[in-house]
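Student: Here is what each chain is made of, one letter per residue.
Protein chains: 2
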Amino acid sequence: MNAFISQLSFISSITDIDQLQKYTSDSSGFTSALPAIVLRPASTEEVAACIKACVAHQKNYTIQGGLTGLAGGACPDEGDVVISLERMNQIEEIDTVGGTAIVQAGVVLEQLQQAVLEQGWYFPLDLGARGSCQIGGNIATNAGGNKVFRYGTTRELVLGLEVVLPDGTVLNMLNRVIKNNTGLDLKHLFIGTEGRYGVITRACVRLFPKPAAVYSALAALKSFADVTVLLKEARASMAELSSFEVMWDNYLKTAAQVANKAIPFDGQYPIYVLLEAEGAAEGLDTKLTTFLEQQLESGLLQDVIIPQSEEQAKGLWHIRDASGETLRIMKHFVAFDIGIPLKHMQEFIEKTEQALQAKYPHAMNLFFGHLGDGNLHLLTGKLTEEELLPVEDLVYQLTALYGGSITAEHGIGRIKKPFLHYSRSPEQIKLMQKIRELINSDNLLNKARVVE
Amino acid sequence: MNAFISQLSFISSITDIDQLQKYTSDSSGFTSALPAIVLRPASTEEVAACIKACVAHQKNYTIQGGLTGLAGGACPDEGDVVISLERMNQIEEIDTVGGTAIVQAGVVLEQLQQAVLEQGWYFPLDLGARGSCQIGGNIATNAGGNKVFRYGTTRELVLGLEVVLPDGTVLNMLNRVIKNNTGLDLKHLFIGTEGRYGVITRACVRLFPKPAAVYSALAALKSFADVTVLLKEARASMAELSSFEVMWDNYLKTAAQVANKAIPFDGQYPIYVLLEAEGAAEGLDTKLTTFLEQQLESGLLQDVIIPQSEEQAKGLWHIRDASGETLRIMKHFVAFDIGIPLKHMQEFIEKTEQALQAKYPHAMNLFFGHLGDGNLHLLTGKLTEEELLPVEDLVYQLTALYGGSITAEHGIGRIKKPFLHYSRSPEQIKLMQKIRELINSDNLLNKARVVE
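So the sequence lines, in the order shown, correspond to chains A and B.
For the first sequence, the UniProt record's numbering begins at 1 and goes up steadily by one.
For the second sequence, the UniProt record's numbering begins at 1 and goes up steadily by one.
Treat the hints with caution; some may be incorrect.
Just so you know, same-sequence chains aren't split out, so a pair can sit in one copy or run between any two.
[Claimed, not checked] Calculated lysine-lysine pairs in the BS3-like style (CA-CA distance at most 27 Å, straight line):
1) 343 x 210
2) 210 x 222
3) 261 x 314
4) 382 x 331
5) 253 x 382
6) 261 x 147
7) 314 x 287
Just so you know, the hints here were simulated from the structure itself, not pulled from any lab data.
With these hints in hand, go ahead and build the complete structure from the sequences.
Tutor: Written as structure tokens, this is what we have:
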């Protein structure tokens, strides 16, 4: 390790055990281990130098961003070299004509959101960890969030990337144009692959004109079938629709209680939808209100709350966003993040709840999700530690049965690696491995994540 | 060849020379050659059998769809085996709850558009060749069209694929959910890669609710800078904006003349924008009209035509779509399809026009394009045959200088293969080749396209 350190003496590094603690784990609760050293390169060239040194000394290395991941992907093994991108934190360019930005991988999401807003533009990726997650990590995990429905996942927001390959080659693919059909679009090798094929150092992202107005409403419905009808009607009626979040009754009640909020409706309904529309100021509130009134009159909606202030809207979102707080009273728990085709959703939920209640009658099962995208969250707890793995296996088996995805937005990382086969066929896994062998051939980079 | 044919006797095949003529070329004008045989498999298993036979007999094979490509990708070499997907023409499922469709690769685009419309849904991919292009070819070339601006390219419309690999393995990736973060998204190896890595046999595509209303308008402006301002304003004001097509004055005049239409405005302006908005019926016409009137009052627009009938709107689109007819009077010509960052567009056009006029003063240069996506079309002609290659080289050099893409939607195919290096770095080309060697290792499949 001494020869290794002296080779990289020009790069800001950390070896002090107290300081290293910060780099041992992400937000997933994955069992953490102390790295040997944290390298903090400040440029693409320094990242390449770090990688070349790891190869020369055959050291396993783990890439870290903001450490907010939920799949254990950023957790090092004991003695790993950690390469943290935190010092690559410059927004290099905001193009206010074309609506693009060039950012370094270590830029914190909220910093980018704010910087482009100041220029009259909007970066629509948004998630709870916005204050500490980094754009490089968002891209490596293809982060989702509440607005995927309108703007796409992170993948759709990335025009180009700069990546350092595991052999130290810098791949400059900082494309700035929306349409580029010059053969294999290599950036997709690095988006959502959690650093298994290379290290993202810079990105060119798409911006959108800043929306002048945002309005929300909470609707109560009598069945999931009615929710799918509402979704289609809302999409057809409002191109401005930006979120379509569904909460089943037990989630709403528990989350409201935990968040110290009153339950919004007087009556009780089986299922609720939190809608959001964003766009031009003129007429959007009327448009949303008119639409909801029509759906109420037709009988599709049982009740609806249209907030009369920003404060009241925030209160509704607080309930939706209280899943983190809710989990605190559910330990040990599993927080699922799955994708299920809408037409199978109701049946999947019924079957899953029955199976869980039969085997784990002491646990609560709370359902909610970004249903506009078929993304369902399920919180199951309290469980004993021994019950965690069998509960995961049970839910992922059912997910596979209904043609779903075992992770819609959080990624595979280390935690879901044993379950990958429920979403990907042996032929797919083999091809993923062959490409890993081709590009990350000595398997030093982010070993033991996603796929061998 | 006899042993080869007898092995595949169960598959509908063509060896008659007259009938083979139909399979010699696509719409690109690339020098054509007669294949030895055309195989027309009707199922994924038959496609796999065809591929295995080609491998066993070490025969080069070319995949064909609707033969409407503009880059020569579907043109066989002399004596090639052609595998045509034309008999895989079934729409297998339209999911009216989730808004997805499962289609075989040989389904004609217009057939899919119509079938989903009848179920109240909308497939927004649209291009001139809709009546004969096939969805497999659309995906393999990542087709663009007029509505990319709102709905994305074909890539964004594909949720999942089924592909047969060059070793005969069937890769079933018919994912139906929007969010699926289970590691490397393998479908991107096959989208826009023009059949170099596998043969697309089936796809799951995204549908949108059928828009109730579509409105267009033609605006006249005084500069390209004003066009970029209009684009941002229009995006911010109308989430319904679905097309933003720009025509420079010389294109508008020439195309109107060729299409036998009157020039729409009394005055003459340097540049025009054809806008289209689609969405809910209620209020959309007023919204578009109000927006345009405001831009007229502010002085951004010099004049505007808001069609009073569908007929009149079609007339405006006819001029925009008359590029094919315009080319007929320009032979020999080069029809460019490039991507340029918006902030460099005006300078790129000026420099390119100057350079072309200096060297080829006898040729016309007509500019237009899907400017909402930074996609510029340029028609240059009449040229002599000898001038074609140097003209391409000149324009692609300038494209590279401004960080553009040498093909925004048509693809590389055979025709643009010599120019790939203008848009892709040596490191990128090397990685594309290494992946080609990994997956299409004996290089029998679609040889001599895109990349070695």
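Student: If a hint holds in the structure, say so; if it doesn't, say that too.
Tutor: The hints, checked one at a time:
1. 343 x 210: between (34 Å within a copy, 19 Å between copies)
2. 210 x 222: Close across copies (25 Å), not inside one copy (35 Å); limit 27 Å.
3. 261 x 314: This pair counts as within: shortest intra-copy Cα distance 11 Å, inter-copy 55 Å.
4. 382 x 331: within (5 Å within a copy, 74 Å between copies)
5. 253 x 382: within (17 Å within a copy, 72 Å between copies)
6. 261 x 147: Within. Shortest intra-copy distance 24 Å satisfies the 27 Å Cα cut-off; inter-copy 44 Å does not.
7. 314 x 287: Within one copy, since 20 Å is at most 27 Å while 29 Å is not.
Going down the numbered hints, you'll see the structure goes against none, and every one checks out.
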